[in-house]
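Starting from the given sequences, assemble the full structure and let the hints guide the process.
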Amino acid sequence: MNAVQPTAMFSGRYQRAFTIAVLFLVAGWHIGGGGGQLLQNRTAYASFAFQCALWLVMALAIVAESFLVLRGPPGWRAAWAVALIALAASTASAAASPAGQMLAVNWAWGSAGWIGVLVLLRRRFAELAWFLAALAAGILGVQVWDGLNRTDLAGFLAVLIWSTGAQVAVAAGVRALNVAADQASAAVESEHATRERAATAEIIQAARHARMLALQESAVPLVAELAAGLADPGDEQVRIRCAVQAARLRRLLAEGDEVPGSLVHELYASADVAERRGVAVDIETVGSLPHVPGPARRVITDAAIVILTAARSKVRITLAAMTPGIAVSFVADTGAIVWLPAASEGVAIEQQEDSGMLWAEARWNNR
Amino acid sequence: MEQQVTVTIIEDHPVVTEGVASWIQSDPDQRVRLVATARDLTGLRAVPLTSADVVILDLELSGELVTNQIPGLVVAGYRVVAFSGHSDPAIVMETLDNGAHAYVSKEEGREHLVEAVLAAAADRPYVTRSQARAMLADQRPARPELSQQERQALLLWFQGMSKASVGRRMSISENTVRQYISRARAKYAATGRTAPSKDALLARAIEDGVIKPGEIMPYQSFARAAADHPSLGAPGQ
Chain L
1 MNAVQPTAMF
11 SGRYQRAFTI
21 AVLFLVAGWH
31 IGGGGGQLLQ
41 NRTAYASFAF
51 QCALWLVMAL
61 AIVAESFLVL
71 RGPPGWRAAW
81 AVALIALAAS
91 TASAAASPAG
101 QMLAVNWAWG
111 SAGWIGVLVL
121 LRRRFAELAW
131 FLAALAAGIL
141 GVQVWDGLNR
151 TDLAGFLAVL
161 IWSTGAQVAV
171 AAGVRALNVA
181 ADQASAAVES
191 EHATRERAAT
201 AEIIQAARHA
211 RMLALQESAV
221 PLVAELAAGL
231 ADPGDEQVRI
241 RCAVQAARLR
251 RLLAEGDEVP
261 GSLVHELYAS
271 ADVAERRGVA
281 VDIETVGSLP
291 HVPGPARRVI
301 TDAAIVILTA
311 ARSKVRITLA
321 AMTPGIAVSF
331 VADTGAIVWL
341 PAASEGVAIE
351 QQEDSGMLWA
361 EARWNNR
Chain B
368 MEQQVTVTII
378 EDHPVVTEGV
388 ASWIQSDPDQ
398 RVRLVATARD
408 LTGLRAVPLT
418 SADVVILDLE
428 LSGELVTNQI
438 PGLVVAGYRV
448 VAFSGHSDPA
458 IVMETLDNGA
468 HAYVSKEEGR
478 EHLVEAVLAA
488 AADRPYVTRS
498 QARAMLADQR
508 PARPELSQQE
518 RQALLLWFQG
528 MSKASVGRRM
538 SISENTVRQY
548 ISRARAKYAA
558 TGRTAPSKDA
568 LLARAIEDGV
578 IKPGEIMPYQ
588 SFARAAADHP
598 SLGAPGQ
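Each protein sequence line maps, in turn, to chains L and B. Once you know that position 22 of the first sequence is 22 in my numbering, the rest is easy, because the numbers rise by one and skip nothing. The number in my numbering is simply the position in the second sequence, starting from 1, with 367 added.
These are calculated hints, taken from the structure and not from any lab test. Possibly wrong hints are sitting among the right ones.
[As the list claims (entries may be wrong)] Straight-line C-alpha distance at most 20 Å; calculated SDA-like pairs for lysine to any residue:
#, chain 1, residue 1, chain 2, residue 2
1, B, LYS530, L, ALA336
2, L, LYS314, B, GLU474
3, L, LYS314, B, ARG477
4, L, LYS314, B, GLU475
5, B, LYS530, L, VAL273
6, B, LYS473, L, ASP282
7, L, LYS314, L, GLU353
8, L, LYS314, L, GLU266
9, B, LYS473, B, ALA405
10, B, LYS530, B, ARG510
11, B, LYS473, B, GLU385
12, B, LYS530, L, ALA44
13, B, LYS530, B, ARG477
14, B, LYS530, B, GLU475
15, L, LYS314, B, SER472
16, L, LYS314, B, SER529
17, B, LYS473, L, GLN245
18, B, LYS473, L, PRO233
19, L, LYS314, B, GLU478
20, B, LYS530, L, GLY356
21, B, LYS530, L, GLU350
22, B, LYS530, L, GLU353
23, L, LYS314, B, GLY559
24, B, LYS530, B, GLY559
25, B, LYS530, L, ALA327
26, B, LYS579, B, ARG545
27, L, LYS314, L, ASP282
28, B, LYS473, L, LEU249
29, L, LYS314, L, ALA343
30, B, LYS530, B, GLN515
31, L, LYS314, L, THR301
32, B, LYS473, L, ALA219
33, B, LYS530, L, GLN351
34, B, LYS530, L, SER355
35, L, LYS314, L, GLY278
36, B, LYS473, L, ALA246
37, B, LYS530, B, THR543
38, B, LYS530, L, MET357
39, L, LYS314, L, VAL273
So this is what it looks like as structure tokens:
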């Protein structure tokens, strides 16, 4: 039950550390790299104030995305809203820079790229690739508008390879580290699970052994009596004893994959009591059963006890995994409707009586 | 009176064979006649093919699971009713997929075996509770799509209600309950590996109006099988 928590924490801690590292990188670049370039070339811009305003817009975008990414992987709307603000600011900054020396005084392309790296870090790699391509296309578009010559194009390609290359490398690096952290946590998890399985197997083994010993006392004498002709299979009492022992044997054979403490286990325990009264109990399951919380389990086992007590000779209990939750049903020869616990703890109970046979179903919904 | 259905039992434990024989004898209308018994599959080969309509096959013979022998029996013209102590849904599914008509667990024998044999002889679907369980548990990607009503009928039947009670619970007639359960079974006959027995079951289901050909459209091999075997309308011949 709590096997997943430590490993999720383990992997989550690393992911958070990587995110914080990239956040420092982005903020550092925007202040040191972008800000430095902006100040150094303040006289070159047509409007220094406009460039400063765009710098502030990106700074705010970084603050916003730091909140987003530290809360967990952002949704696509929020992530792309931040990315598009960065894209717009970068393109606007380039467009407002003097033609011919735009690349020389550009501070925004790098910052916008890093903003995108951070906010799209936990999303598909293709999304980051599209973003970086759009960013580069914006710069190239401005260059073409201004009149592109071969020197400009060479400059564009140089900056593209240097800056975008670094951004892609960081994003890929973080991804690789995430995979490593996931593998490490998976290893921890599997070790934990192995230990838990071993412990469970031991408990189940002990319980089976105990039941096997109990069978020695009940089933073996019956078989011996039948073999010796002391018990007559035509006798109703002998037939009931056989049915009860057969049900117990079947249960013993079917119990291999059960987990102690589960609902099935508790129903088995309730069935034992009824069997001592001579009621044959059959328990069957369908699908992989969900974990039912304690209070809901109690409502179900209370219903089971009422029905097992009221049954005259046989009860069939089935547990079926449903798309939401579980359906536990009882078919028993109670002869009449029985008083069942009221619906509570997310368990709804229904019953129907039909020529002496009772059908009741307790449904627990995990939604 | 209708002709008796002939049956062969393949079972390695004589005491079980005797038990099955006694169920067959205790049928008030004597609808089934036991013609041969065998302790393994080589024993069956000695029996002339035409002598039995249905084979009751224990799935575990001398400690070995024989589900993979079912296709051979089916191709040889037998209708197979599996009778087994195993109730693992995966084994039930494999048995049906290999072309067995029905699956009866040993606990269900007294109540269901004779009826399952009769249904198999007529190529009609017969769904025991253990079979319903396996169908409900089926998570394979290739499983057929069952309707809400079919699943509900299967679930209530698996839970242990009589079909009449299932009908009252679902506010439908007992006949409609049978229809839902049979249709679910027919959908299974339309998926997976091809087998003459599955084609025969499906053809009969269509003939009986249990299922419409349109409801089994995705099944390609049925059309192919129909083209390959013009004698489909006369199953088992």
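Here is what the structure says about each hint:
1. For the suggested pair B/LYS530 and L/ALA336, the alpha carbons sit about 19 Å apart, so the restraint of at most 20 Å is met.
2. In summary, the hint linking L/LYS314 to B/GLU474 is supported, as the alpha carbons are separated by about 14 Å, within the 20 Å threshold.
3. Among the hinted pairs, L/LYS314 with B/ARG477 is consistent with the structure: their alpha-carbon atoms are about 16 Å apart, no more than 20 Å.
4. With a C-alpha separation of about 14 Å, the suggested pair L/LYS314 and B/GLU475 falls inside the 20 Å cut-off, and the hint holds.
5. Between B/LYS530 and L/VAL273 the CA atoms are separated by roughly 30 Å; this puts the pair beyond 20 Å, and the hint is violated.
6. A threshold of 20 Å between alpha carbons decides the hint, and for B/LYS473 with L/ASP282 the separation of about 14 Å falls inside it, so the pair holds.
7. Between L/LYS314 and L/GLU353, the direct Cα distance comes to roughly 15 Å. Compliance with the 20 Å bound is thereby established for this hinted pair.
8. Distance check on the hinted pair: L/LYS314 and L/GLU266 sit about 18 Å apart at the alpha-carbon level, within 20 Å; holds.
9. Proximity of B/LYS473 to B/ALA405 is assessed by CA-CA distance (about 18 Å); at most 20 Å being required, the pair is judged to hold.
10. For the hint pairing B/LYS530 with B/ARG510, the CA-to-CA distance comes to about 24 Å; that exceeds 20 Å, so the pair is violated.
11. For the hint linking B/LYS473 to B/GLU385, the alpha-carbon distance of about 13 Å falls within 20 Å, and the restraint holds.
12. For the hint linking B/LYS530 to L/ALA44, the alpha-carbon distance of about 89 Å lies beyond 20 Å, and the restraint is violated.
13. Using a Cα cut-off of 20 Å, the hinted pair B/LYS530 and B/ARG477 holds, with the two alpha carbons roughly 17 Å apart.
14. Restraint check for B/LYS530 and B/GLU475: the C-alpha separation of about 16 Å stays at or below 20 Å, so the hint holds.
15. Between L/LYS314 and B/SER472, the direct Cα distance comes to roughly 18 Å. Compliance with the 20 Å bound is thereby established for this hinted pair.
16. Distance check on the hinted pair: L/LYS314 and B/SER529 sit about 15 Å apart at the alpha-carbon level, within 20 Å; holds.
17. For the suggested pair B/LYS473 and L/GLN245, the alpha carbons sit about 15 Å apart, so the restraint of at most 20 Å is met.
18. Only pairs whose Cα atoms come within 20 Å are accepted, and B/LYS473 paired with L/PRO233 is accepted, the gap being roughly 18 Å.
19. A threshold of 20 Å between alpha carbons decides the hint, and for L/LYS314 with B/GLU478 the separation of about 15 Å falls inside it, so the pair holds.
20. In summary, the hint linking B/LYS530 to L/GLY356 is supported, as the alpha carbons are separated by about 15 Å, within the 20 Å threshold.
21. Proximity of B/LYS530 to L/GLU350 is assessed by CA-CA distance (about 18 Å); at most 20 Å being required, the pair is judged to hold.
22. Proximity of B/LYS530 to L/GLU353 is assessed by CA-CA distance (about 14 Å); at most 20 Å being required, the pair is judged to hold.
23. A hinted pair counts as satisfied when its Cα atoms are at most 20 Å apart, and L/LYS314 with B/GLY559 does not qualify at roughly 37 Å.
24. For the hint pairing B/LYS530 with B/GLY559, the CA-to-CA distance comes to about 28 Å; that exceeds 20 Å, so the pair is violated.
25. Distance check on the hinted pair: B/LYS530 and L/ALA327 sit about 19 Å apart at the alpha-carbon level, within 20 Å; holds.
26. With a C-alpha separation of about 16 Å, the suggested pairing of B/LYS579 with B/ARG545 holds against the 20 Å cut-off.
27. For a cut-off of 20 Å, the pair hint linking L/LYS314 to L/ASP282 stands: about 8 Å separates their Cα positions.
28. With a C-alpha separation of about 13 Å, the suggested pair B/LYS473 and L/LEU249 falls inside the 20 Å cut-off, and the hint holds.
29. Under the criterion of a C-alpha separation no larger than 20 Å, the hint pairing L/LYS314 with L/ALA343 is inconsistent with the structure, at around 25 Å.
30. Restraint check for B/LYS530 and B/GLN515: satisfied, since their Cα atoms lie roughly 17 Å apart, inside the 20 Å limit.
31. A C-alpha spacing of about 17 Å is found between L/LYS314 and L/THR301, which places the hinted pair at or below 20 Å, so the restraint holds.
32. Using a Cα cut-off of 20 Å, the hinted pair B/LYS473 and L/ALA219 holds, with the two alpha carbons roughly 18 Å apart.
33. Simply put, B/LYS530 and L/GLN351 have alpha-carbon atoms about 16 Å apart, close enough for the 20 Å limit, and the pair holds.
34. Taking the CA atoms of B/LYS530 and L/SER355, the gap is about 13 Å. The hint holds against a cut of 20 Å.
35. Of the supplied pair hints, the one linking L/LYS314 and L/GLY278 holds, its CA atoms being roughly 9 Å apart against a limit of 20 Å.
36. Proximity of B/LYS473 to L/ALA246 is assessed by CA-CA distance (about 11 Å); at most 20 Å being required, the pair is judged to hold.
37. For the given pair, B/LYS530 sits about 10 Å from B/THR543 by alpha-carbon distance, which is consistent with the 20 Å threshold.
38. Only pairs whose Cα atoms come within 20 Å are accepted, and B/LYS530 paired with L/MET357 is accepted, the gap being roughly 13 Å.
39. Among the hinted pairs, L/LYS314 with L/VAL273 is consistent with the structure: their alpha-carbon atoms are about 13 Å apart, no more than 20 Å.
In this structure, the earlier hints numbered 5, 10, 12, 23, 24 and 29 are contradicted, and the remaining ones agree with it.
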